[in-house]
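Enquirer: Listed below, chain by chain, are the residues.
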Amino acid sequence: MFDWLEPLTLFRLDTALILTLLVVSVHVTFRVGIMSLAPMGFAAVGGYTAAIIATKTELPFAAGLLAATVLAGVIGALFAPPVLRLRGIYMALGSLALAQAIVVLIRISDFTNGPNGIAGIPVEVKTEYLIVALAVAFVVLELGHRSHFGRAAKAVRLDERTAEGLGINVFRVRFVAFTSAAAIAGCAGALEAHRTTVISPDQYGFATLVIVFTYVLVGGNGHWAGPVLLTWGLTILRDLLQVAGSHWEDIIYGVLLVVVLLVAPNGLSDRSLYRGLRRRLRGRTSPTPPTIEEPAEKVASR
Amino acid sequence: MQQTINGLAVGSTYALLGVGVTLVWGVLGILNFAHAQILTWGSFAALAALRLGLPVPVAILVGMVTAGVLSVLLDLFVLSPLRARKAPEFSFVVATIGVALVLTTVLRTYTDAQTEAFPRQGFPVGAFEIAGQNVPRLQVVMLAIAVVAMAALAFWLNRTRSGRAVRAVAYNRETAELLGVNSQLVFSICFFVAGALAAVAGIFVAASAAQVSYSSGDGLLLVAFAVIILGGMGSVKGAIIGGLVLGVVEVYATSYVSSVFREIIAFAIILAVLVARPSGLFGKKEAARV
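Protein chains in written order, with numbering that gives the first Met the number 0: chain A, 0 to 301; chain B, 0 to 289.
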């Protein structure tokens with residue numbers, strides 16, 4: 000269906016779509032306030048599972064994909080209880096340790112072909128599959144966003160104790176988010192393996208993590224459309240700029256990440272960013288901070 | 000016995016790394032993911048100095064200053080504005096990851112991803128023979144430096160005015176500022192010291208391996224974190240002991256189990272400690288987990 004596009008453009012398109020899937024995975028964990036650096040580890044699990052199944056067994060591609068997603072989800076579920084108990088920086092470190100441990104295990108094991116990676120994975124993934132997969136993901140995301148779970152997730156992110164006090168099972172919300180994010184990352188890894196036909200342990204390092212995090216953080220926590228649209232926009236921008244070679248891209252992404260964090264620590268879809276802008280557009284003067292003399296109703300109606 | 004000594008030797012590098020990182024964590028509550036790259040830059044600066052013909056102690060100093068200044072710049076231009084905006088915790092982590100990526104890429108481009116040879120002359124190389132065991136000289140010097148650094152830090156923090164300022168800021172930043180302490184200066188000093196200490200570790204590692212590349216530091220990053228998690232975040236004593244323990248465990252694991260496990264040890268320790276006793280051996284019991 001997409002044969003009218005050049006192969007290179009098609010490849011870029013597929014890469015962008017797979018990247019979107021990874022962005023979705025990270026976004027899900029961010030929605031509930033989990034600072035997990037583990038997605039690359041799960042993507043590695045997914046990629047290698049699919050690769051091994053494809054190259055060493057006769058099972059069809061769909062089986063490999065399913066196995067990859069499920070295995071990544073299972074590993075996520077296994078490590079969720081200890082990792083989710085941690086908070087803040089400890090969680091970041093713990094998840095990073097988990098991801099790196101997975102990658103190192105892959106690198107030193109024989110049956111994953113060690114540091115050489117696996118090549119010759121059959122190209123099974125067509126663009127249509129990716130679009131379908133993403134469409135399904137978006138539907139599920141939107142349903143989740145509008146459901147009780149979506150609201151519970153937001154509550155957990157904003158204030159855990161209050162959420163707990165309101166009767167939300169915080170652990171269950173985080174567990175579901177973490178595990179499904181792991182499964183999605185595994186699926187993305189598997190799809191990528193089948194698209195690029197070669198995988199090695201080194202590709203699951205910091206570089207992709209930074210890119211994905213840039214998109215997720217810049218896109219913001221409010222709605223999944225933020226990071227997704229941003230991913231598409233920036234990918235197109237990057238192709239248009241034709242910044243050849245990986246050096247400048249990495250530097251630009253690193254700088255962009257830092258700059259965005261400085262300007263908008265909560266992401267670009269954070270309403271408070273635009274508050275000043277909206278006020279000015281509506282013609283009001285910038286608000287003075289509420290003083291102790293003003294009654295509460297007057298402040299609220301400003 | 001020989002293995003224990005080897006382990007202590009390896010551990011002394013880790014200890015020195017840990018001391019720097021724990022200082023920054025204890026005072027600022029920040030884990031600097033760019034730490035490894037900063038120390039690699041320090042090693043390269045020392046390499047450049049050595050190539051210019053400068054004597055070894057001067058080259059080490061050059062490396063220390065470079066890494067220290069780089070750390071301070073990171074704090075001034077990236078972390079301090081984030082603090083001013085009261086950014087959420089993960090912003091700091093991600094920001095330092097972003098900076099690490101930039102530093103790595105610049106270094107990789109500059110060195111064309113080649114591994115450079117690091118000259119060994121002037122460094123204490125070779126080994127002592129103590130009670131029949133082979134004790135590598137370089138590591139003994141490093142351990143000595145680590146211990147001296149710890150003692151100096153303890154003296155500085157406990158007996159000097161500026162050290163008191165650091166402790167005040169670590170305890171409660173706003174109160175310290177109200178009392179007239181320049182917290183930004185305190186942060187800068189801590190970052191400088193952390194960077195300088197890490198550079199020393201990096202330089203000695205480069206000397207013992209006789210080479211250095213843009214990715215030399217990467218393996219050390221998680222080791223540094225493992226050290227401070229094991230020893231307790233915020234405790235200098237814990238960092239030293241944690242580093243030594245980690246070194247010994249690593250050496251024993253590789254010799255008795257399998258050499259492939261060397262890299263896993265750090266991660267395994269991080270995970271195990273975080274699950275069982277997040278405050279580590281000597282750390283304060285903070286709300287690390289529910």
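For the record, the hints were derived by calculation from the structure and aren't laboratory data.
Certain hints may be false.
As the list claims (entries may be wrong) - Restraint-style ranges between C-beta atoms, simulated for each label pair:
{"#": "1", "chain 1": "A", "residue 1": "P80", "chain 2": "B", "residue 2": "L75", "range": "37 to 43 Å"}
{"#": "2", "chain 1": "B", "residue 1": "L177", "chain 2": "A", "residue 2": "F10", "range": "18 to 24 Å"}
{"#": "3", "chain 1": "B", "residue 1": "Y251", "chain 2": "A", "residue 2": "V69", "range": "33 to 39 Å"}
{"#": "4", "chain 1": "B", "residue 1": "R160", "chain 2": "A", "residue 2": "V73", "range": "31 to 37 Å"}
{"#": "5", "chain 1": "A", "residue 1": "T161", "chain 2": "B", "residue 2": "V274", "range": "23 to 29 Å"}
{"#": "6", "chain 1": "A", "residue 1": "V69", "chain 2": "B", "residue 2": "V274", "range": "23 to 29 Å"}
{"#": "7", "chain 1": "B", "residue 1": "A208", "chain 2": "A", "residue 2": "I251", "range": "30 to 36 Å"}
{"#": "8", "chain 1": "B", "residue 1": "R166", "chain 2": "A", "residue 2": "V258", "range": "32 to 38 Å"}
As the list claims (entries may be wrong) - Residues from chain B that keep clear of chain A, each with C-beta distances beyond 10 Å, as calculated:
{"#": "9", "residue": "R84"}
{"#": "10", "residue": "E88"}
{"#": "11", "residue": "F89"}
{"#": "12", "residue": "I96"}
{"#": "13", "residue": "T104"}
{"#": "14", "residue": "A167"}
{"#": "15", "residue": "S207"}
{"#": "16", "residue": "S212"}
{"#": "17", "residue": "F224"}
{"#": "18", "residue": "F266"}
{"#": "19", "residue": "A267"}
{"#": "20", "residue": "I269"}
{"#": "21", "residue": "L273"}
{"#": "22", "residue": "V274"}
What the hints assert, rightly or not - Beyond 10 Å from chain B on every Cβ pair, some chain A residues (computed):
{"#": "23", "residue": "L140"}
{"#": "24", "residue": "D158"}
{"#": "25", "residue": "L255"}
Each residue gets a CB set at the ideal place from its N, CA and C atoms; glycine is no exception.
Enquirer: Confirm or reject each hint.
Expert: Here's how the hints hold up against the structure:
1. Under the hint 37 to 43 Å, the C-beta atoms of P80 (chain A) and L75 (chain B), about 40 Å apart, fit the expected range.
2. Between L177 (chain B) and F10 (chain A) the beta carbon distance is about 59 Å. The supplied range of 18 to 24 Å is therefore violated.
3. Our hint of 33 to 39 Å for Y251 (chain B) and V69 (chain A) holds, since their Cβ atoms are close to 37 Å apart.
4. Taking 31 to 37 Å as the suggested C-beta distance range, the pair R160 (chain B) and V73 (chain A) does not conform, at roughly 56 Å.
5. Roughly 27 Å separates the CB atoms of T161 (chain A) and V274 (chain B), a value that falls within the hinted 23 to 29 Å.
6. Between V69 (chain A) and V274 (chain B) the CB atoms are about 25 Å apart, so this pair conforms to the stated range of 23 to 29 Å.
7. Distance hint check: the CB atoms of A208 (chain B) and I251 (chain A) are about 32 Å apart, consistent with the given range 30 to 36 Å.
8. Take R166 (chain B) and V258 (chain A): their Cβ atoms lie about 34 Å apart, and the range 32 to 38 Å holds.
9. Consistency note on R84 (chain B): stated as away from chain A, yet its beta-carbon is not over 10 Å from all of that chain's, at 5 Å minimum.
10. Not every beta carbon of chain A lies more than 10 Å from that of E88 (chain B), the smallest distance being close to 5 Å; the non-interface claim is violated.
11. Distance to chain A contradicts F89 (chain B) as a non-interface residue, since its nearest Cβ pair spans about 4 Å, not more than 10 Å.
12. Annotated as non-interface, I96 (chain B) brings its C-beta within 10 Å of a C-beta of chain A; the closest such distance is 6 Å.
13. Its closest Cβ contact with chain A, about 4 Å, brings T104 (chain B) to no more than 10 Å, contrary to its assignment away from the interface.
14. At roughly 22 Å, the least C-beta separation between A167 (chain B) and chain A is larger than 10 Å, which holds for a residue marked as non-interface.
15. Listed as a non-interface residue, S207 (chain B) keeps its Cβ farther than 10 Å from every Cβ of chain A; the least gap is roughly 23 Å.
16. Taking the minimum C-beta to C-beta distance to chain A, about 14 Å, the non-interface status of S212 (chain B) holds against the 10 Å cut.
17. The beta carbon of F224 (chain B) sits about 6 Å from the closest Cβ of chain A, which is not more than 10 Å, so the claim that it is off the interface is violated.
18. Consistency note on F266 (chain B): stated as away from chain A, yet its beta-carbon is not over 10 Å from all of that chain's, at 4 Å minimum.
19. Separation of A267 (chain B) from chain A is inadequate, the least Cβ-Cβ distance of about 7 Å not exceeding the 10 Å criterion.
20. Interface exclusion of I269 (chain B) from chain A breaks down, the closest Cβ pair being 4 Å apart, not more than 10 Å.
21. In this structure L273 (chain B) is not separated from chain A by more than 10 Å, as the shortest Cβ-Cβ distance comes to only about 5 Å.
22. For V274 (chain B), the shortest C-beta to C-beta distance to chain A comes to about 4 Å, within the 10 Å cut-off, and the non-interface label is violated.
23. Distance check on L140 (chain A): its Cβ is at least 21 Å (rounded) from any Cβ of chain B, clearing the 10 Å threshold; non-interface status holds.
24. The Cβ of D158 (chain A) lies farther than 10 Å from every Cβ of chain B, with a closest approach of about 13 Å, so its non-interface assignment holds.
25. Not every C-beta of chain B lies more than 10 Å from that of L255 (chain A), the closest at about 8 Å, which undercuts listing it as non-interface.
Hint check: violations occur at hints 2, 4, 9, 10, 11, 12, 13, 17, 18, 19, 20, 21, 22, 25; the rest are consistent with the structure.
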